[in-house]
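Quick mapping for you: the protein sequence lines, in order, are chains D and X.
Take 1 as the starting number for the first sequence in my numbering and just add one per residue.
Take 1 as the starting number for the second sequence in my numbering and just add one per residue.
Worth flagging that the hints you see were computed from the coordinates, not collected in a lab.
There's no promise every hint is true.
[Stated by the list, open to error] Chain D is nowhere near these chain X residues, computed Cβ spacing over 10 angstroms in every case:
| hint | residue |
| --- | --- |
| 1 | A24 |
| 2 | R96 |
| 3 | G200 |
[Claimed, not checked] In silico DSBU-like pairs for lysine-lysine, Cα to Cα no more than 35 angstroms straight-line:
| hint | chain 1 | residue 1 | chain 2 | residue 2 |
| --- | --- | --- | --- | --- |
| 4 | D | K517 | X | K114 |
| 5 | D | K19 | D | K265 |
| 6 | D | K517 | X | K13 |
| 7 | X | K55 | D | K508 |
| 8 | X | K15 | D | K517 |
| 9 | X | K15 | D | K501 |
Glycine included, each C-beta is placed from N, C-alpha and C at the ideal position.
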Amino acid sequence: MNAPAIGQLEVVDGSLDAKAPGGDIRTRWDRHRFEMKLVNPANKRKYTVIVVGTGLAGGSAAASLAELGYNVLNFCIHDSPRRAHSVAAQGGINAAKNYPNDGDSVWRLFYDTIKGGDFRARESNVYRLAQLSMNIIDQCVAQGVPFAREYGGLLANRSFGGAQVSRTFYARGQTGQQLLLGCYGSLMRQLEQGRVKLFPRREMLDLVLVDGHARGIVCRNLVDGKLERYAADAVVVATGGYSTVYYLSTNAVQSNATAIWRCHKRGALFANPSFMQIHPTCIPQMGEGQSKLTLMSESLRNDGRIWVPKKQADKRAPKDIPDSERDYFLERRYPAFGNLVPRDVASRAAKQMCDQGYGVGATGRAVYLDFAEAIGRLGENVVRDRYGNLFDMYHEITDENPYKAPMQIYPAPHYTMGGLWVDYNLMSTIPGLHVIGEANFSDHGANRLGASALMQGLADGYFVLPYTIGNYLASMTPGKVKEDHPAFGEAEANVVGNVRKLLSLKGKTTARELHWKLGRLMFDHVGMARNAKGLVETIDKIRALRAEFWENVQVEGSDQDVNQALEYAGRVADYFELAELIAIDALSRDESCGCHLREEHQTEEGEAVRDDASYSYVAAWEYTGDFGKPRLHREKLEFENVHLATRNYK
Amino acid sequence: MSAQNGTGPRSYKLKVWRQPRGAAAGKLVDYEVAGIDANMSFLEMFDQLNDSLLKRGEEPVAIESDCREGICGTCGVVIDGMAHGPIPNVTTCSLRMRLFPNGSTITVEPFRAKAFPIIKDLIVDRSAMDRIQRRGGYVSMNTGSAPEANAIPIPRDVQESAMDSAACIQCGACVAACPNAAAHLFVGARVRQFALLPQGHPERNERVLAMVEQMDAEGFGDCSNHGECEAACPKAISIENIAAMRREYLRAAVGKR
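Just chain D, same shape as in the assembly:
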């Protein structure tokens, strides 16, 4: 079977209504809030909302909806909501507070985010995000989040990539953990008050549609294996991104694409699936048995300098290479932003240096991140204060002391800008199905700036969804669908079929081995650099691996028990389907933008060359029943407030 010629895919224009309001961008959100329908406070308790996920987006949404008076059913894959992978975010959260008095504003954060995303995000959404960034910091401080402070007792800021102002708030290298504890606390309070029912150790395995509206989910209880049905008036999916398609990523080992993929197969369009962020500063792969990669926060680029030897295949120890024989390639190529260029630019530059033979370390797939200059300037104690836990983590993993020798880093899959398509109200193409946080595609275009993921997750959950979901709920009668509706039976039968099939295969290979092969394929050909020939071949190879999976995978145990092999195999099965869509999306976007570098479209220096005339759109894919022939819906992007320009970080 050969991959389809992209020209043969069906394209639909004008089918997507983003519901983004017009007029002055500065007042759009205010006006939209006024124009939306409200649910009377006394009626809110009659509505039930399912929230799947308890990370920053899901947890903040569940707590905030419950505070408003809705009944919330909240599901998580972990034993406790506080373990969602938002917990691992290190460096910080952006907000346009302008506390350092360095010229920041809502407009600048908006502009930086649109530009950082290489002009592939929706202006209205991004402006709203920049506005709400302020409220988020207020909210989190009031919850008792111990953000870093100056000696006078006021909040401290640091810098992140893609910005020339300091707008990042942080709690040591554990910002995600502290923000998540804030929203976990709010969630716990609502549990205690009985407004939220929590269902831990559950995995959503299907979405239930009644008359075309999302009305419930089917999930598997991960302790006793039983399938459970839950009905509601609306469903919110906040299950994060899908970087784990690449096997080795910075995501947690349980992070997966199953919830959003099952929604996609039920009719939700999947937008920009190939927009995959490969983060520049991760600890390089150390062996074949490795299960994940560890991020070293972007905040390290405030003080660390990235370099490679000027001589190819230079095997000298870094301390023996004099400064004159080092190439600080980011500072050389991008003097204005230096080591703080956006992630896509930094990752690509590191890959190019390694491809040309300048890489360091045992495999030659690494560059140095050096703190010697910072330690000399600031002293080891200041560096330890700022980054101590990151240095310790590096030391534990690599057995190398980064206070004495430079870190070695290499890019790794980290975050997915793509996700389920949503309108300005964060509702997908399935009425009633709302998608928030990393699971949607909405705000980051083709590249996310550092410290903006936490901002978006919390903006969606605390300050956007609680209003917009009311607009949907106000137009319906609550409580009409119950768990005995035939649609639940059909969805459950679908899940049972899948589980039985996996348990019946009795093959000779494991899901992990096939997932590893898929990840290798994706990283090499649908990673930091892509080309048409490689993508077409990769699509065929993905199909071959998928066929092998369904013939030859081995899953032991029972479906009525804790069965981690069964859980994992189900997720891997979905990765094979999603991987094909990622590759098709990358093939169909015949331009370079942000993270998406098509080798056919680059400058001599390897910078991305966009084609705004042809590709200034969101690519939203519809599942047609044939993975090789998805239907492309194009949402044209209009830029009224930011002038379309070539990104320049020089």
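Please arrange chain X on chain D, whose structure you already have, making use of the hints.
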């Protein structure tokens, strides 16, 4: 932690606690693993064991983990008698196999405590800790009602000290390490964080009384004063947090407001 026994592939003998779901008793089962890279993590060694069990048609060992970088608190087993293994201030997922001499025998058991019933093999139910958090591990405030973030200055040393307590990952190692299976370090850290910060002051008394009441109701024991909790804690949470909790409790109980 220098590399032991060179860099070639290693092999180990494992004694792993196996206990079917719902079974009253379990037992240690012997396994052997080979071809282990010194840089592999302890959990990656288990991935390899489990893949080999699958290929032999045996059921893999149930063991939990998620972030595998020491922050989510999902992982945690007792290794050779020590919660999170032999070196201080790391989680199970952060242990590398270079720490374990080639050819050695490693015994792996679940976190044991009355309040942590075993679900299966090495997985225990730690939901008791969430139930304690429900009773007051937060500031009661609704979304949208917050004042300007810089309205209340907090001295830097106070914020840093609160952050030391807030670093707890709720893994339960302190409970597993304590001869009385007490949760004082975990509860103390949460109580102390909010006792230090001005945002926590309005509910200061109710919080400590309710959380301690729930801690007792869940079947956690009393503090043994052994300090094993601090030694096992992957985040170096100080035993000072227990003293702080006792002070807060006394303050609240005698009604000194």
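- Checked against the structure, which of the hints given earlier come out wrong? 2, 3 and 4
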